[in-house]
Every structure is written in C-alpha cells, then in structure tokens.
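J.: Spelled out, the chains give:
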Amino acid sequence: MKESIISIRDVWMTFPGKRQGEQIHVLENVNAEVARGEFVCIVGPSGCGKSTLLNIIGGFLTQSRGQVLVENAPVNGPDRRRIFVFQENGVFPWLSVEDNIGFGLRNMPADKKTAIVAHYTEMVGLSGFEKAYPRELSGGMRQRVEIARALAANPDIIYMDEPFGALDFITRLKMRADLVRIWQAEQKTILFVTHDIEEAVQLADRVFVMSTRPATVQKEITIDLPRPRDLDSKGYLEKRDEIFKAMGMSLKIGSPADAGGNGGRNPEPTAAVEQT
Amino acid sequence: MNRAGKILLPLAVTVVALVGWHVGVRLVKSDLFPTPMDVVRGIIELAQAGLLLKYIVASLFRVTWGFGLAVVIGIPLGLVLGWYSRFYTALNPLIQILRPISPIAWIPLAILWFGVTDAAPIFLIFLASVFPITVASCAAVHNMQPVYVRAARNFGLGTLELFQQVIFRACLPQILTGLRIALGIAWLVVVAAEMIAVNSGLGYLIIDARNAGKRYDLVVAGMVMIGVIGLGLDCLVRQLEKFDEVRWGYASNAR
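If you're matching them up, the sequences are chains F and H in order.
Here the first sequence stands for residues 608 to 883, numbered as in the working numbering.
Here the second sequence stands for residues 4 to 258, numbered as in the working numbering.
Think of the hints as simulated: they come from the structure by calculation, not from any bench.
Idealized CB from N, CA, C, for every residue including glycine.
Don't take every hint at face value.
[Claimed, not checked] Covered stretches of chain H, going by a simulated chain F footprint (3 or more residues, C-beta under 8 Å):
1) 144-157
2) 168-181
3) 246-254
Chain F on its own, in the form it takes in the complex (with noise of 0.2 Å):
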C-alpha cells in the first residue's frame, strides 16, 4: 500500500444524552488508515455515526479517545489544505457562482485568481453561470459550486459528507460520473461519506463499511473495479453484495405473498436502505 496520508487509530466518541449523566457511544475503536489519491467511501447504517468519523477527521469534532493523524500530524481543528464538502451544501448563498468558487483564494493576486476560478467553473460544468447566485440554482449545480470551491482551493484532501444525499437519481448519477472524472484529473486524496452501497461501489477504490452504534469499521473492501465502472458487470454485482452482506442485509424485499397475515399487501422490506 502507498504511503498513509490519513490515520485513524482507536478512536472513540461518547456524547453526553439527554439526561443527567447518560452517556451515548458512537464511535468505539476505530482504526482505518488512507493512502495519498485514494478515493475511499466510508458506508454503514443511518445514524451509525459515519459523518460524526468524518467530522472528526474533518477537525470539526473532538474524538473523546484516541488519535486521528493528517499528513503525520494529530488534526488540530479545521485546515484550508483539507476542505470539507457539507451535506446541507456550504455554499454561501450572498456571493455569485464565481465568488463562492473562488472564496479559498481571497488572498491571491487577481488574475491568478481569475484564471483558477474560470478553470473549475468549467471542471464542473457551470461555465455561462458566474454571475448567478445559488439561490437561481438547481440542487445539483449547488452541489458543484461547493466541489469547485473545494477544488479551487487545491486542498490535499477533500472530505465529502453524504454531498449528493439531497439530489434526484439521475442528477446523482451524473454528479458521481463527473466526480470520478474530477478526481481522476486532479489525483486528491477523497474521504466519502455515504449511505448509499450503490453509491459507494460506483465510486470508491475502497469502501469501509461501519457496523451499527457504537460503530467501529467492521469490514475493509477493495472494489479493484476497472473505470469506467459498468454497473450491470458481474464484479459491480458482486462487490455491492459484499458490502450489502457485511452489513447485514438482506437483498429481498417482502415476505413471500403466501406467507398469511397481510397476504403479502404492503411488505415490510427485510432491509430498509434508507433514502434521503
């Protein structure tokens, strides 16, 4: 394996509750490392506590136990050189399309800045949009503002919690397609967080799959998958099966119709994969 640019070694996360004294755990013994380029998308069951992981990597959290370790140095807070894309999408809705993207540059000579700018508006397919506010913007081109200005910033690392969760099926599609074609191009490091097993095969060189609360990373899968990714091949069927079993589940919906009861009317699936 290539060199680790992040580790995470035994981290816990306890979260005092509701009443006195109660204590929630959410993360329990969490050791995983990532290499420099890698694409890795971290899945497990909603509420497990995957986006609390990343915000703690992210800097935004302070792991109650154990160590999270950047570039070889324990992260201390939040760090331009790794940019956190949100899942309730950061982008600031007072600046136009180009001043959003080029918010990470504040302190660059313009024309420079200029030139980074035009060059991710086009990255991600918004050029004829830079004077347009996010509020005249579809989900999906909010979305790609906040990658662009992720990217502008040439961060190292680039964490992405759930950043599609909000967008129709298609639009996710494509926005994963584009994703990938980025990440190819400009080789960054990518932390992606996700309920979504589809999502995660279709994207990830690995995934880890996180067991439920308190969660730890129960399970590492290399999707050694060629790209462009065909979701029909039997290696894709294969690699979300596994992810799709590590974590518990069931791949049918329903109970057999003659299983009495509610003659099979309204189903309870055996494995709900929650959708946003």
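Knowing the structure of chain F, use the given hints to seat chain H on it.
T.: Coordinates of chain H only, in the frame set by chain F:
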C-alpha cells in the same frame, strides 16, 4: 391581479376616503376641522413660507443621526451578543429591561441632559431604534445556519474576517428587516420628541399650529407630511431588500 388593478384599486379607495372626509366635515359644519382642500392649501401655505422644507429637513436630519448611530452601534453589538454566549448572558437581561421603556418616557431626561437642542431628539431616536436593531442582529446570529461558519473556518478565516465576510453577510437579510422596523419606530418618535424638546421639525409644526391659533389645517397638513415621508422611508428600505446579496434570505421572492 394585473398591474393596472394594483394601482387603480388603492387609488379608488383613497379617493373614496378623501370624499368621505370632505362630506363628513361639511355635514357636521365644523369650523375648526379642515377639509382635504383646506389641508392642501395649508401645505401650499407652509411651502410658500419656506417652513415645510425647513421642518422636513430638520426632522430628517435628526432621524438620520439618531438612526445612523443606532445602526453603527446596534449591528456590531447585536452580532457580538449573538456570537459570544457569555456576552449574551451578561448583557441580555439589561437590554430586555431597557427595551420596553418607551422612548417618550426618556424625554424629561433627554431635556435634562441635552437641553433644547438637536441632541435631545437625536438621543431619543437613537434609543428608539438601537434596541430593535440590536435584538434583530442578535437573533439573526442565533438563527444562522452553522454550515456557513464551518465552511468559513475550513477556509482559514480569522475572527474578524469571519464576522465581516460570513456572519454579517449571513445575517444581513434579517438585519435589514430589523432596520425597517427600527426606522418606522424612529419616525414615530421624532414627531413626539419634536413636540416637546425642540423648536423645529414636523412634530413642532403640529404642536405649534395648534397652540398658536388653532390652525387645524396646518396640524393635519403636518400629519399628512409625516405619513407621506414615513411611507417614502419604508419604500427606500424595501428597495434594499431587492439586492442579490440579501434577496436569498426572503422566502417570498424565490427568484
């Protein structure tokens, strides 16, 4: 509703109200209460005497200073109160006690401190507008989406930059709503203050016209001018809400 309707309907209602006013005065055969035409003549008389412009300027001058000071102090104070919870805990009770005291109640103290000068009404207008501005700014910080601050911190902004480039900008739509309310109150208070604390302005015009000869046409003329200018000020602030920098914050005009 179409464009013509939006103009014609309120215009028609205004005309009906004016006619009603005229007929009402004629029916009760009042010697003192003016008809709309008396009021228009009163306004013309004031304009010709050079008093109308002078008094309007005097009132606007005081509002500009009092309101301006309140903006300059209230917005930063509110943002800091909203951001630093310790500061909020320490200062908020004091603000909540001072806030419900009507600025009118401060008139005796204002005269005691500043005498019959412009400073007295300016002080009162400042008091009237600084609380709504502070409270609106503070509430705006509390309602702000935390993701903006997290993103800004990620890009390495220092505290001052964070306030200027993110917190202030994120709060601006709500602050602007606070300013609109505060300006409305300031305009109410300047009239009251001028009735007691100074010898010029639209408030003084009203009280002087009554005291100096029961000129109710001039009293109502003053009232009409106050209404018209108040409407104008509100329209002015509303124009600010159309800028792209704040328009995102108002749900009603999504595009």
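J.: Could you tell me which of the numbered hints above are not met by this structure, giving the numbers in increasing order?
T.: none
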